[in-house]
Structure formats: structure tokens, C-alpha cells
Amino acid sequence: MPAIECPSGRWRALVLIALAQIGAMSTWFSAAAVAPTLARDWQLSAAEIASLTVAVQIGFVFGGLTLAVTGLVDVLSTRRVFVACAVAAALANGLLIFADGRLFVAILLRFALGFCLAGVYPPGMKLMTGWFRVGRGLAIGTLVGALTLGSAFPHLVAGIGLASAFPWESVVLTTSISALLSAGIVAGFVQSGPFEASSARLDLGWAFRSLRNPALRLANFGYFGHMWELYAMWTWVPAFLLASFLVSAPAADPAEIGRSASLAAALVIGIGALGCVGAGLLSDRAGRTLTTSLAMGVSCASAIVTGLLFGGPPLLTVVVAAIWGVSVIADSAQFSAAVSELAEPERVGSALALQTALGFLLTAVSIQMLPLATSRLGWSGAFAVLAIGPALGVVAMLRLRSRPEAVRLANGRR
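The numbering of the sequence shown is our numbering, which starts it at 17 and goes up by one.
Just so you know, the hints here were simulated from the structure itself, not pulled from any lab data. What you are looking at is a predicted structure, and each value in this text was computed from that prediction instead of being measured. Backbone N, C-alpha and C define an ideal beta-carbon position, used for all residues, glycine too. Take every hint as true, because none was put in to throw you off.
Label-pair distances were calculated between CB atoms; the ranges are:
1) Ser396 - Asp269: 23 to 33 angstroms
2) Ala265 - Ser61: 22 to 32 angstroms
3) Asn427 - Ala255: 35 to 45 angstroms
4) Leu297 - Leu332: 23 to 33 angstroms
5) Pro270 - Phe78: 31 to 41 angstroms
6) Cys22 - Ser396: 46 to 56 angstroms
With the hints as constraints, model all of the structure from the sequences given.
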């Protein structure tokens, strides 16, 4: 294989970019880890704690749409956007310490954090694509896998009893320092890769025009089906496992059941990192559309079966839920890889920002929908509603596979 297709230093860049992404995005993950002690110290209700999480998500959507519509992530230096936004995220996160129980101030700060992180995640993926033309699926899959472990971390903290072991301020401060270190890593040690296109001219209409591109639209529709399921699953599977364990063992100690459910949730979510790497390897060899369709098919079936196992044997429930955990995230990076290959090279950053922003906007709907569906349909019915997303996603990706533009995916492997 020609050396230009596999530039020296690409694996070093992969490790550094992944570390920088995890460090900066830890400011998002920290909210779930400190929620119990923050609720106690500020005397916040469950709904008020949830509002802090939702604020980050909404801020991320607004930030992503801003980058996509303005195209700044492609007009400006990708590295500089990442560094500036990581520093701003560290500041917004750290200022939470001084909110002093004022919920409105805290919500504004978390919104600002989410807005800034939109300048970290898509630009980080764009930096990665600049180093990988061959093996791009594995590279982005490794990145998403690392972030998946970060998402599982708060549940591990709760399961082993560390949630109340440290002041919440120290956790927030530590994650802010991590974000600053991330900025330093990218500023000092990461260079733009040989495949990153030169800066584009300002074009405020490109994001809207891209939605009329049939191939990009189908890739995004597949991603939206995936996102409909993913974050609702990650948000509510801990509650599902807890409720299921309590039904299956009504005489057990509730506190012990709670710890077991938290550890099981950490496993179910965290094991998805293996799916990200495995799907990345498969995608580079068998193609993006086939890999994403396979993952969504397994995820769709797993969602339905997991719901049907509510109240059943805990071990069987966890095993099936873990299969769901692997498949529900396995395809995520491959949608990003597909968009990076289908978009105009000089607009990759905008395309990724638009995809992630709209996808996260959809998650806000499914996350809020699930408890309503559970109250009316039970867990089995609610998870079946989630399964609609990947089912439609499979249709979108198979349609993309039949289009001539699909030859640009995975170096011709579609």
C-alpha cells in the first residue's frame, strides 16, 4: 500500500486526539458522577438535576448548528477551534463551583459547556479524518469507543460507592484541568494530517444545501435512527435494570440491588467500546453500509428481547442487555466516517457538526419519550418503540448502498 495512504505518525495522532477528546469530554461525563452529592448540597430535586444534564445537551445542539451553518470549523484552523473550545469548556465547567446553589446560573453554565463541546467533538473527528484515509472506520471507532467508556464511568463510580467519597467540587475541578490539558495536547503535539483539506471559504448556505444531497441525506437518516435509540438506552437502561432486579428478587436488600444495578449498567454501557472497535475493523473491510445495517439489526432485536426479559433472571437479562450495549453504539462512528467520505473534502467539519447536532436534537425527544412510553406500555413496549429507530436506519443504509455515490465509502467497499 502506498506510503501516502498510510502516513507515518497517524497512530500517534490517533492516540493523542483520542486522549484530548476524552479529557475535554470528561466535563460532560462528570455531571452524572457528581449528581447525588450536588443534589444533596444544593437541595435539588430529580427534575432540577435533570435540567442540568439537558442544558448541556441543548447547548451542544446549538453549538453544533452554529458551526454547521457558519462553516467556521472549515473556514478556521481545526486545531485552533478545538483548542479554543476546550479552554472555554474548562472555564464554563469550572465556574460551576462558584454558582453557589443558584440553579439558573448553573443551567446557563452547563448550556455554555455544551455549546463549547460542540467545538471539540466534531472538530476532533475532523482532525482524525485528516490522518486516516485507509482505516478511517477503525480510527473513528476507537475514538467513539473511548468516549463510550467515559459514558459508563459515572455508573461504575456509583456502583463501587465513590460517588460520595469526594467533594463534587474536586470532580468538577479535575475535569476542567483535564480539558485544559486536552487543549495543550492538541496545541503542542497534534498537527493537521495530510488528508485534511485546505480552509474553505465562508458559505452560510452550504449546510442547508447539503441536506438536498441524496447520499449525505441517507447517511444522516441512518445516523438519526441510531441516535433515536442510543442515548435513550444509555439514559434509561440503569433504571430498567434496577426495576427488573427488584422485581426478580423482592426480598433482597434494596441498597445491594442498587449497587448491583449500577455495576450492571456500567458493564452494559462500557462494553460498547468493544463494539466500536470491532465495527471499525469490519467496516474498513466489509463496507460502511453493511456494517451499520448489521449492527442496527442486532440492536433492534436486542432492544425488543431485553424489554421482554423485564423481571426475569438477572444474569440472562444482563447478558442480553450487554449484547444490546455492544450493538447500539457499534455503528455510531461509521456514520461519521461515511459522512466524512461523502461530503466535499473542504466541508467535512461542517458536515460532521450538522450530523451530530441534529442527531443530539433527536435524542432529546426519545429520552423524554421513554418514561411516558414505559408508563403506558411497560418496559417491553417502550424498548420496542426505541427499536423503530434502528429498523428505519437499516432501510436508509441499504438504500445508500445501492446508490452510485456509495463507491466513495470505505475505499470502494460501500
